[in-house]
Amino acid sequence: MSEQTFLDSLARRSAKRDRHGPEPSWIAARRQAGAARFEALGFPTRRDEAWKYTDVRAIANGEFALAEDADFSQTVAATLTLPIDAYRLTFVDGVYAPALSQLEGLPQGVQLVPLSQALADNHEAVGGPLGRLTGVEFSPFSALNTAFMEEGAVLRLAPGCVVDKPLVVQFLSRSGAQPVMCHPRLLVEAGARSQATLIEHHIGEEDAANFTNLVAELILERGAILDHYKLQEAPLGDLHVASIHAEQARDSRYTSYNLNLGGGLVRNDLISDLNGQGAVANFYGLFYGQGRQHIDNHTVANHNAPLTFSNENYKGILDDRARGVFNGRVVVKRDSQKIEGFQSNANLLLSDRAEIDAKPELEIYADDVKCSHGTTTGQLDEEAIFALRTRGIDQQTARGLLTLAFAGEVLDQVKLDAIAERVELAVAGKLPERFNLAGLVEAAAALDEQ
Amino acid sequence: MLEVKDLHVTVEGQTILKGLSLTIKAGEVHAIMGPNGAGKSTLSAVIAGKDGYEVTQGSITFQGQDVLEMEIEERAQAGLLLGFQYPVEIPGVKNIYLLKAALNAQRAARGQEEVPAPEFMKLVKDKLGEMKMDASFLQRAVNEGFSGGEKKRNEILQMLVLQPKLAMLDEIDSGLDIDAMKVVADGVNSLRAEDRGILLVTHYQRLLDYIVPDRVHVLVDGRIAKSGDAELAKQLESRGYDWVVEETAA
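Residue numbers (UniProt numbering), protein chains in the order written: chain D, 1 to 450; chain U, 1 to 250.
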């Protein structure tokens, strides 16, 4: 029984932790609740509607240790770290790595600390918000995360605080003799009218094959603005499950850029609760799958108040035997009048064996709303291909250019140029060789800088 | 350079070109004029290789090669380039990508190496200057959100960079105000060269005040009904097309 492996690991971890003295009672209670919930539910199977297209046996049948240290070569880390001017918190297989972090010069009103430190400083201040949005009920994975939780990032923004540089929370995955797992938490409390860019970056050593089970809770007070990048560049052997839950007060704006290039198995649940008038949630997503990658994104916009707005644009490109899942839900509560919810999803399959399962869902219980949704899987514009060919560009290169352009439609929304360029280059590099794009994008980027 | 012989073309079962013959030599500028529906755009579309045009009779050869046997991109690589009446918007594909990919493809087809980046950039910037276009055009998607005039300039820009052996310009003057037309005409005139042919397809004589052709052909009902020099275009301007149509019918 595979769940038992995880429960055993949990018991060993608890015993070890207890030697350092008792934890605050609320944490112990939640761990217990998490473990009990996980034990009762077990891992989801394809029979569960929310997991119909995603098989998690690679996780369930895995044997993952818990990392004991954050040792990592500075040189290798430097090659993996995003080359942008930012504040940075780094975790190696889930363990905080102060030597790879850079928090100097954080402006007043910004607190970015590892969860362990936030708990040590004032555990009660953490206990209130933590787990409020994503409790153990959400999924077997959130239950498991709660049972194991030890580390992660806590970001607190004082009211009115505008952070001058992006805040990067970097997760490095190591290759090693035994796969490891981590259950990080991300807790963001964005005070009224505060403004920040958070980059959640997953990357690691090529041969790594670890399991990350992340829970993120993002609380946006009135008028807060948060740009949240999730840049998934984990090694292709990595397994990744994440629940990202935003709660939005009046006039707040949450923008999610979910840019998924890496990871062997990735499942993201992205949820926004639009609880106050004027709240806006933007979900932008781009995923590129190759080999046997499996990328599953479930998004939910809960319009719990009138005059709330959600806008979603997800694009997927799948090659080889990669598989993508897109499930986008817009829920409009009774009396949530004058809301607007737009959703669009488009996918390109570059191989006969690639597969996408796309399902847009609208649940509307109010009558004065503007909602639209659509999903296409498909075809490149033949007229554009002809136009490119009349310039001497062969059919395959023309298709490559248009495929890159397809990704570009999402990247156009990305505000940080460094990220948009990085992803565009990565996509150009991943596109099949037959598209002959090697060098073209680099050359163009170089020209751009002149 | 280009030889069209007895060309018959049908589109969706309807015969549009009914025995068109035309010879363009290097160094010459030809203008094809004619009333709407005469088949002017069909000729350039067939030469460029657009889908949906069936050649039922006749031949097109370009520098001794059978054009109808060539792939669309091979025609362009050989130096046969069409400027569209309605240039297609290609969202997301930056102009710089198109220009670089197109130039590389042409050079590769001719066994030449890629142009080094600095040289390419200088070339493109010079040509942008000629077309009075800002460098920011390069980072914009091909024709996306361009005004009519910008689209036409962009077509000519591509010609200037790719230096075709035969440039075909389909109604390049349509939708242009007088200033834009001068820029476009200057661009076309700068393409004039001893080793290059130019084929202008136009409804109006106006363009030919700026680009003076060597030969003018009037296309009526799928055939060339009358040919002459630049004077013929002026006659058409003052007298319209009807007299040619009547002459042909007679």
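Keep in mind the hints are simulated off the structure, nothing from the lab. Cβ coordinates follow ideal geometry from the N, Cα and C atoms, glycine included. Where hints are given, some of them may not hold.
[Stated by the list, open to error] Think about it this way: if two alpha-carbon atoms lie no more than 35 Å apart in a straight line, the pair counts; the simulated DSBU-like pairs of lysine-lysine are: (1) D:Lys415 <-> D:Lys430; (2) U:Lys165 <-> U:Lys5; (3) U:Lys122 <-> U:Lys234; (4) D:Lys415 <-> D:Lys333; (5) U:Lys5 <-> U:Lys50; (6) U:Lys132 <-> D:Lys415; (7) U:Lys18 <-> U:Lys132; (8) U:Lys125 <-> U:Lys226; (9) D:Lys430 <-> U:Lys18; (10) U:Lys5 <-> U:Lys132; (11) U:Lys122 <-> D:Lys415; (12) U:Lys122 <-> D:Lys430; (13) D:Lys415 <-> U:Lys182; (14) U:Lys25 <-> U:Lys182; (15) D:Lys370 <-> D:Lys359; (16) D:Lys430 <-> U:Lys50; (17) U:Lys5 <-> U:Lys125; (18) U:Lys182 <-> U:Lys125.
[To be verified] One-sided excerpt, in silico: chain U residues whose CB lies under 7 Å from chain D: (19) Gln65; (20) Leu68; (21) Ala76; (22) Tyr86; (23) Val88.
*For this structure, which hints from the list above don't hold up?*
Numbers 3, 7, 8, 9, 10, 13, 17, 19, 20, 22, in rising order.
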